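Protein sequence lines correspond, in order, to chains V and C.
Using our numbering, the first residue of the first sequence is number 1, and each one after it goes up by one.
Using our numbering, the first residue of the second sequence is number 1, and each one after it goes up by one.
These are computed hints drawn from the structure, not numbers from a lab.
As the structure is a prediction and not an experimental result, all values here were calculated from the model.
Using N, Cα and C, we set each Cβ at its ideal position, and we do this for glycine too.
Treat each hint with caution, since some may be false.
If you want the ones that stay clear, here's a sample from chain V, every Cβ over 12 Å from chain C, calculated [as the list claims (entries may be wrong)]:
(1) Met256
(2) His276
(3) Ile368
With a straight-line Cα cutoff of 30 Å, these simulated DSSO-like cross-link-like pairs (lysine-lysine) come out [claimed, not checked]:
(4) Lys156/C - Lys326/V
(5) Lys328/C - Lys326/V
(6) Lys104/V - Lys160/C
(7) Lys326/V - Lys118/C
(8) Lys306/V - Lys105/C
(9) Lys35/C - Lys100/V
(10) Lys160/C - Lys326/V
(11) Lys254/V - Lys278/V
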Amino acid sequence: MPYFDHSATTPIHPDVLKKMNEVSSTHYGNPSSTHSSGRKSKSIIEDARRQIASAIGANASEIIFTGSGTEGNNLVMWSLTQSDKKHVITSAVEHPAVLKVLQKLAPYGITYSVLPVNGHGRVNNENLQNAIQPNTGLISIMMVNNEVGSIQPIKTLLETAHSAGIPFHSDTVQALGKIPLSVKEIEADYLSFSAHKFYGPKGVGFLYKRKSAQLNSLIIGGGQESNLRAGTENVPGIAGLGEAVRLASKNLSKRMHHLEELEAVLLKNLKIVCPHVKINGCPKHHIPGVISVSFPGEKSDILLAKLDRKGIEVSSGSACGAGSVKPSEVLKAMGIPDNQNISTLRISLGRGNTEEEVLGLAQVLDSITHG
Amino acid sequence: MGKPIIVGISGGVDSSVTALLLQQQGYDVECVFMKNWEGNDDENCTAEEDYKDALAVCDHLNLPLRSVNFAKEYWDGVFQYFIDEYAKGRTPNPDVLCNREVKFKAFLDYSIELGADKIATGHYARIDESNGQFKLLKGLDPGKDQSYFLYLLGQKALSKSMFPIGEIEKINVRKLAQDSGLINHAKKDSTGVCFIGEQKFFKDFLKKYIPTKPGKMKTINGQVCGEHDGLMYYTMGQRKGLGIGGGYGEKEAPWFVAEKDLDQNTLIVAQGHDHPALFHQHLSADQIHWTGATPPDDFEGLYAKIRYRQSDQKCEITELTSDSFSVKFDQPQFAITPGQSIVFYLGDECLGGGIIKGRN
Chain V
1 MPYFDHSATT PIHPDVLKKM NEVSSTHYGN PSSTHSSGRK SKSIIEDARR
51 QIASAIGANA SEIIFTGSGT EGNNLVMWSL TQSDKKHVIT SAVEHPAVLK
101 VLQKLAPYGI TYSVLPVNGH GRVNNENLQN AIQPNTGLIS IMMVNNEVGS
151 IQPIKTLLET AHSAGIPFHS DTVQALGKIP LSVKEIEADY LSFSAHKFYG
201 PKGVGFLYKR KSAQLNSLII GGGQESNLRA GTENVPGIAG LGEAVRLASK
251 NLSKRMHHLE ELEAVLLKNL KIVCPHVKIN GCPKHHIPGV ISVSFPGEKS
301 DILLAKLDRK GIEVSSGSAC GAGSVKPSEV LKAMGIPDNQ NISTLRISLG
351 RGNTEEEVLG LAQVLDSITH G
Chain C
1 MGKPIIVGIS GGVDSSVTAL LLQQQGYDVE CVFMKNWEGN DDENCTAEED
51 YKDALAVCDH LNLPLRSVNF AKEYWDGVFQ YFIDEYAKGR TPNPDVLCNR
101 EVKFKAFLDY SIELGADKIA TGHYARIDES NGQFKLLKGL DPGKDQSYFL
151 YLLGQKALSK SMFPIGEIEK INVRKLAQDS GLINHAKKDS TGVCFIGEQK
201 FFKDFLKKYI PTKPGKMKTI NGQVCGEHDG LMYYTMGQRK GLGIGGGYGE
251 KEAPWFVAEK DLDQNTLIVA QGHDHPALFH QHLSADQIHW TGATPPDDFE
301 GLYAKIRYRQ SDQKCEITEL TSDSFSVKFD QPQFAITPGQ SIVFYLGDEC
351 LGGGIIKGRN
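Kindly produce the complete structure, drawing on both the sequences and the hints.
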């Protein structure tokens, strides 16, 4: 069954699975126990931490294991309620794991400004400069957008943030394993990651927190993760995460090249079979393999259902996508008119996809659209 | 691959067995879960739990399940009317409108767009076709017949719909569900208005949408006997919640809502279930609709229901225009309620009906 929804989640890599199986079946000790099996589990966690740190150019002590990318975002946002400066600047194309959290934090004194994006889904640095207030305590801009794949000018935005002395967070859930990512180059204060976006297991992620950055815990208990995230560690999940990060950085350029090629084939054929399609996003600053494509006159939920019947899995640009299809907030922010917005599919390719599959997808799209 | 039948599945046992039966009959079945209401997090809405049940059933039967959001269609086509009617002191029936506007319009159109041959729902009713004409018939289980809620359907909807459980009895529907291992075989039937939930939430719900105007409560003889919280909270024949016990007045009998005087903002009550003020033999109605392609040419042997699950009442149409009619019943009727529907039957066939306007 051709799967083209890798931005939603990815199938687990066989090496990751192998690692997790090995850890699950053999190493059951509680990492907090001081006896042999406890020490072994602790070592597995710390190995993964070092693996991850080395892959992104960080120190091991700057890696905090979480349950998801969402949790990482929440940790950073909630921490701000303890700070003197409670104003946040974010963008209009963030995931609900940032925007909804900020909404919910209003009773705790958090206010926020939302930067607009241009037609390519990108934030403008000047807008950021203008949005800074004396009480701005955090700037949070995602690195790669999940719906259209646009890459934000993070380095420039970071310079602005740091020259104003403001901590910078980036939701990097869609970036790792897709573009090079090093905290030596991107000197952010916080980055949130999720394992299942790069062929790792679901339910585990990590937060990068620069040594100098402030963070308060949300989950209190036994003092795990340097008192920042209590609860007995998900040892097999963390081991799998470590392996997934290692694999993601190991073959990155090869993987990127594969996706670029597939994307080119898909776009070329899409334009032949459906000449009226519109491609959304940024042609230049864009991760390979994520294609947001609108089919004027169609409705994304109907297309999704028809593809699903043929065993082809993609996703729609729209949020909960169905019926009176709700236009996607991201596409809306990019100034895409509603009729185009609700006709949008997100096709996200992955390491397992082949040229044959992609050609098949173009053919099926031809047969189910009106021309 | 043939054209599928798309089942509107709610997570309840009736629509689940609808899907099961069609699958057993060899149809290519797909299921769609409709979300017609978008409540706040704190509102009473069981949609998520219901969706989980629908998913479990579809997973068990290996049927595809999709979700569709008709909240806008429901709001515009049903809820606005519901609120407007209450604001006018009438008692609307949102379910008949939901069927016309959402299930047999928005959902039907959506399903056709998805390539469906027909839709199916878990209603206890039947459709009979002869010579290209589609008749809406009562469900075979007399205790469960739901044709009353479907009287606003027309030929287009009837020609594109299937009600497989209309052919069997509720007890057997549950039995089929149990025998097939459906997890919801014992799930309670839903009651009350779907977006409000239990009756006890009703007042709070209406209060959010309509300003309340408390006023006087009087007896039929004009004697003030209490206060009311707002006429919209009361319906004809209502007994509970009047705040006057049977002890008030001369007899030990309970009190009932007999009339709403909107001009005076007064609620008029009568004592005793058999009080003549609670009964009327004539009613007038409008928004007439026939299930057939043309109005019936013969009304010999006509019966009607003025509320769901009422037994058929013998009656005759005394006046008929293209949009309204008057009806005379053989027997005086208890609590004829403006805003509710009167639905006509000839034998098992549901002919159509209208919205009750007045009575005398």
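Now the hints, each set against the structure:
1. Interface exclusion of Met256/V from chain C stands, the closest Cβ pair being 34 Å apart, more than 12 Å.
2. Distance to chain C confirms His276/V as a non-interface residue, since its nearest Cβ pair spans about 19 Å, more than 12 Å.
3. At the 12 Å boundary, the C-beta of Ile368/V falls inside the reach of chain C, the nearest C-beta of that chain being 9 Å off.
4. A distance of roughly 28 Å separates the Cα atoms of Lys156/C and Lys326/V; the hinted pair therefore holds under the 30 Å criterion.
5. Between the alpha carbons of Lys328/C and Lys326/V the distance comes to roughly 49 Å, so the proposed pair goes past 30 Å and is violated.
6. Distance restraint check for Lys104/V and Lys160/C: the Cα-Cα separation of roughly 46 Å exceeds the 30 Å cut-off, and the hinted pair is therefore not satisfied.
7. Proposed proximity of Lys326/V and Lys118/C is supported: the alpha carbons are some 26 Å apart, at most 30 Å.
8. Restraint check for Lys306/V and Lys105/C: the C-alpha separation of about 21 Å stays at or below 30 Å, so the hint holds.
9. Distance hint between Lys35/C and Lys100/V is fulfilled; the C-alpha atoms sit about 22 Å from each other, no more than 30 Å.
10. Our distance criterion of 30 Å between C-alpha atoms is met by Lys160/C and Lys326/V, whose separation comes to about 27 Å.
11. About 28 Å separates the Cα atoms of Lys254/V and Lys278/V, which keeps this hinted pair within 30 Å; it holds.
Violation of the numbered hints given earlier is confined to hints 3, 5, 6; the remaining hints are satisfied by the structure.
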